[in-house]
Amino acid sequence: MIVFDSVEKSFPKMDRPALDALSITIQPGKITGLVGPDGAGKTTMLRLVAGLITPTSGRVTAFGYDTTRQTRRVREILGYMPQKFGVYEDLTVVENLNLYAKLRNLPRRRRRERFEELLEFTNLARFTKRLARRLSGGMKQKLALACALITTPKILALDEPCVGVDPLSRRELWQMVRSQVDSETIVLWSTSYLDEAELCDETILLNDGNLVFVGAPKELASGLKDRVVRVSGVSAETRRKYVSELLLRPEIIDATIQGSSIRATLNRPFRPQTDPETLFDGYSVAPTAPRFEDGFIERLGGATKRIFGAERRAPLTTRNDENVVVADGLTKKFGDFVAASDISFQIKPGVIFGLLGANGAGKSTTFKMLCGLLKPTAGDGYVGGASLRRSPSSARNRLGYMAQKFSLYSDLTVRQNLNFYGGVYGLAIRERGEAIGRALDEFDLQRYADVKAGTIPLGYKQRLSLAVATLHSPDALFLDEPTSGVDPIARREFWNRVNQYASQGVAVLVTTHFMDEAEYCDRLALILDGRKIAEGTPDDLKSLATSGERPDPTLEDAFIYLIQRGRNEGGR
Amino acid sequence: MIRIERLTALIWKEWLQVFRDPSALMIAFLLPLIMIFLFGYGLSLDATSVKLGVALEDSSPTARSFFNALDASRYFSARYYTNRADAEAGLCDGDVRAVLVIPNDFSKRVEEGTLGPAQLLVDGADANTALIVENYATAAYAQWSATRLRELRGLDGFNKINLETRTIYNPEQSSRNCLVPGSTAIVLAMIGTLLTCMVVAREWERGTMEATLATPIGRLEMFLGKMIPYFLLGLAAALENAAVARYVLGVPFRGSILAFVYASGAFLFVATAQGVLISSVCRDQNLASQVALLSSFLPNYILSGVLFEIDAMPKALQMITYLFPARYYVVCLQTIFMAGDVWSLLNRQIGCIAVIGVVFCAAAIAKTPRRL
Amino acid sequence: MLHSVRRVWRIVWKEALIAAGSHKMRVVLIAPPILQTIIFAFALSMDVQNVKIGVCNRDAGVEGAAFLKAFFVKPIFKEVVYYFSDDEIKTAIERREIFAAAIIPSDFSQKILSGDEAAEIQLLLDGRRANAAAILGGYVARIAQTYGAVVARERVDVRSTPASVSGLTVRRWFNPNLLSRQAFLPCLICLLATTVAMIVSALSIARERETGTFEQLLVAPESPFEIVLGKTISAVMLATCSTLLVTALVVWGFKIPLQGPFWLMFATMLLYLISVVSVGLMISAASATQQQATLGMFLFLPPAIMLSGFATPIENMPSWLQCVTIFNPVRWEMSLMRGLFLRDMSAGAIVPHVVPLVVVAILSFSASCYMFKRRME
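As given, the protein sequences belong to chains A, B and C, one line each in that order.
All you need for the numbering used here is the position in the first sequence, starting with 1, plus 58.
All you need for the numbering used here is the position in the second sequence, starting with 1, plus 260.
All you need for the numbering used here is the position in the third sequence, starting with 1, plus 24.
No lab work stands behind these hints, which were simulated from the structure alone.
Just so it is clear, CB atoms sit at the ideal spot from N, CA and C, and this is done for glycine as well.
All clues given are correct.
Interface residues of chain A toward chain C, partial, derived using beta-carbon atoms under 7 Å: (1) Gly-430; (2) Leu-431; (3) Arg-454; (4) Ser-465; (5) Tyr-467; (6) Gln-474; (7) Phe-478; (8) Gly-484.
Distance condition first, Cα-Cα at most 25 Å in a straight line; then the derived DSS-like pairs of lysine-lysine: (9) Lys-102(C) - Lys-575(B); (10) Lys-48(C) - Lys-510(A); (11) Lys-433(A) - Lys-406(A).
Far from chain C, by Cβ distances over 12 Å, these chain B residues were calculated: (12) Ala-332; (13) Ala-496; (14) Ile-517; (15) Val-619; (16) Lys-627; (17) Leu-632.
Starting from the given sequences, assemble the full structure and let the hints guide the process.
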């Protein structure tokens, strides 16, 4: 077992410790999930276990070995997978395995057998000679896991192994790890996906370096029994507005859109007789089973209660009945490789359109073509009626773009960033001043206005990115995995803002790996091997996957089902 | 403490990475070639065909004979001006390196033995070339004058001293013979320090270092696993350099391969240890390359004595040169290439390099991380 | 058009803000150039000084000693070591204990006194330092010549040796004492300008590409031309500041006067910086990562500097290499700086230097725009 004995870890230049007097014992034979928002101390915990950093005070022991003084002993029984890729990209699959086998002293005679085992089980047997760089994100993570598992370690420490991995590969990774757990092994799995935390045997919930909760994931939400409801029958047009209205009511802690219905958490048990009328305006309301996420939000104080809704400053250039974004047979070839083939869809004003797909399926290629970052080989895209081929400059003027990574100038202050992009988008000086003032208020950035953008907290960075993307009142918003790495509360708030823009008539195109986020979308398109294999509302997609054994599939089930079906058809 | 298998695995991995990364390959093999060719062809301190402007105001046979003597010399390519003003303007504009003014009373002055019958104006803006031009021109005049006197009067006793200069090891005083071996030091600094520190820093950036650290690998293994591959790579580049110098550029190689490998090995020992040290401290490619540039490339370039004379530097700077191994290595290189194996000299120089190397190594091992 | 100008201006302003706000950038622009100016000012010298020389005097008479006295000139020679045999001398040179040796034969005094034939002196030089050997050889030859002439005047009838002693009158223009520092410092301004311009430009696009800000910029309505132009202007501005700093240090700190007009120096410098920055941006636009850009810099800078005529004259190179240097902007600026700083070069001579700079600037600017666009396909 691993024991943290009042461990404190502080880093220089940080105002509070990354871990604050943490005492906890982790038992073998289980998958223990480390859950928490960004900067909660998950990575710090894992690195302490691996002896990669030493505690400021207190001590960490793993199976009786002190991780500071007996580091080598600990490392002999440890399999560790860092957050950034732990495999060498310039080495092939088998070279990576060989390297780690030697570094971890796996006896020569056992290597062959072990390699075969791991290769089969990761499905990488076909790719042994391929450079790790050329593997997809999911395969890379599987390889990294195989490298960590090479000596059947007693401690397996995995730092966010599923970041950037599509649901299908995620599921396979889980199966791999599951099969490794015996009564002797400790698996530490850090994650910011809450649906993933639910799969763990035990979870440790951290926030700001403090322990919030320890126990089985079910227990976290158990206090919410009878407090979570599902509101259905709200029409698509009013749904978004209604969610923000609900959030303002004192009894409601949390409310989110889930497909065609709304999920809400109350601060008291649901009263089936009176609540539908008094609290939910007569919509049909049914209690539903609480999930881990509901518990998480409740523990961390509930969703932000405020109205997001600045008035739109400039009228839309697109008429209401026109499509704002049009992909018309978009095709992109890199040499012989077809990254995207004949992809078409339309987005009407006020619609949130989600682009889903496994890693390397071609969704970012499509996305990049639509915002003018890549020139299509064939086909064309239109934003606000302007062709990306013929008048790229005016098409780009009508869209707001938010990149996956924080991609504003870290060395400029928040205000300077806004000022720069305002200028780039051609806002005149007075207009720009007003727009910036409003953006600072609306996004609560006032107190960071003159701080360098690189140094503000992640949640604020994300707000700033959205502020920059919407500064010039675009017709369309393009969001590329906008909330990865952001904690669920900030994510809620982010989506509330996006909803606000959508209700003003802005068309939103979003790519995401989070299936709960896909639920917020009005329409979804699923991309596989460069082709669009399905399009429809979230409920449409779910109904496609409905079968006898799966009467009520989740969106993730639907995703996996559709991809597997698509692969089978492609194979045939 | 060291497990050979782990160490060889690390070394092998390092090589695979280098050979699969085009930019690393470029630093390791292409850059040395470019450097050695530049040193071989681009840098030459031997002034041949210096552009010399001649203002020939005197058209007497005496003046012509002097002019022809100059024009025939391989040191000058003469450019003819009819008057002094034009020639001087040419000097101002950098068209010629020096101007020889042969005034209209040149032949008269020569006959009468007046002091300085002709005038040489050199362009001091390039001091080194100016000095060389001056030496050549005065020598050419002295020779012309001697020949002429001998022809005219059969007189030989005008000069009481004949200086017989012999340049040993390098009779033609070819600067290429010195610069090309010297360039090996710069090339090795580049591979040993720059390549090493950039590749290691990249491991930090990509996060592979974190995964490697989490294995039961020891500090010494880590250090050697980084150092040995680039040491051997550097040695290969050094031999490549020597071969190109010898067979393509025709620089003599009078010493033995053994001595060359011995000296280069000592130098690389310092260079790679320095590279590992820099990368352990910086952990960031940009910073590491800047530090490597300032602490290895530039000193090797300026303070090694390849191009600039150490003896002519101020005392304080001379003292600093003792701290850089390049100074000793350049002596070894020039000796091995041109003079041969002078072991008493080589041993002393290599000993100095080794002392510096031990210091760097100790620092690098101490700084090699076992934790983040 | 107006919009375009405004957008370019935004980029220039942004780059300036980043540079002004970034501690690292300030350090890069100020510290290394000044430090290097100071170090180079002292280190860059090809003069031969403080030489340790060996002497083997086999002459028993006074003439040999008299010659040696005249021969030992400071600061060329620092120390004289006496030896008794050729072998000793050879070993000493071999071990680099001495750099050169003079051997005076036993009949030296006799020959000088008899006046029939010239006395011989042997000078041995260590060829491992060819340049030093050549320069020292020149010095010693001149010393011997002068001494010989003096002796000849004393012993032989003066009139019978007309013109022989007088030789050439040498005038050193622009740098009367042939000080290395005076000759090198103007070139150094050019070198440092090149390095700084390269650093601020070569990484600029690659850095944005790596941090992701580049995509954000590309989805904005800016055209590649506007982005490249904005970056060129700002990089030139930064490099100009840094270069002016170095120039000030050279002029006031090291007292090297500027002979030509300042505006002409400044104008050519500006043009030069534009062309180097364009080359830098071209490297940057071609590379995907900062590492590649750094490598590109390494592939460009050393050859460009070596083939600039900085350390050794261009005309010493083989003719094919001389042709290559035509496309080297450093060569032209180096020559301009020398000319303007030390010689007050005429305007007519400047024009042929300026043309290649303009050509390089235009070519590489268009190349960067092109590569920029190609990266999007």
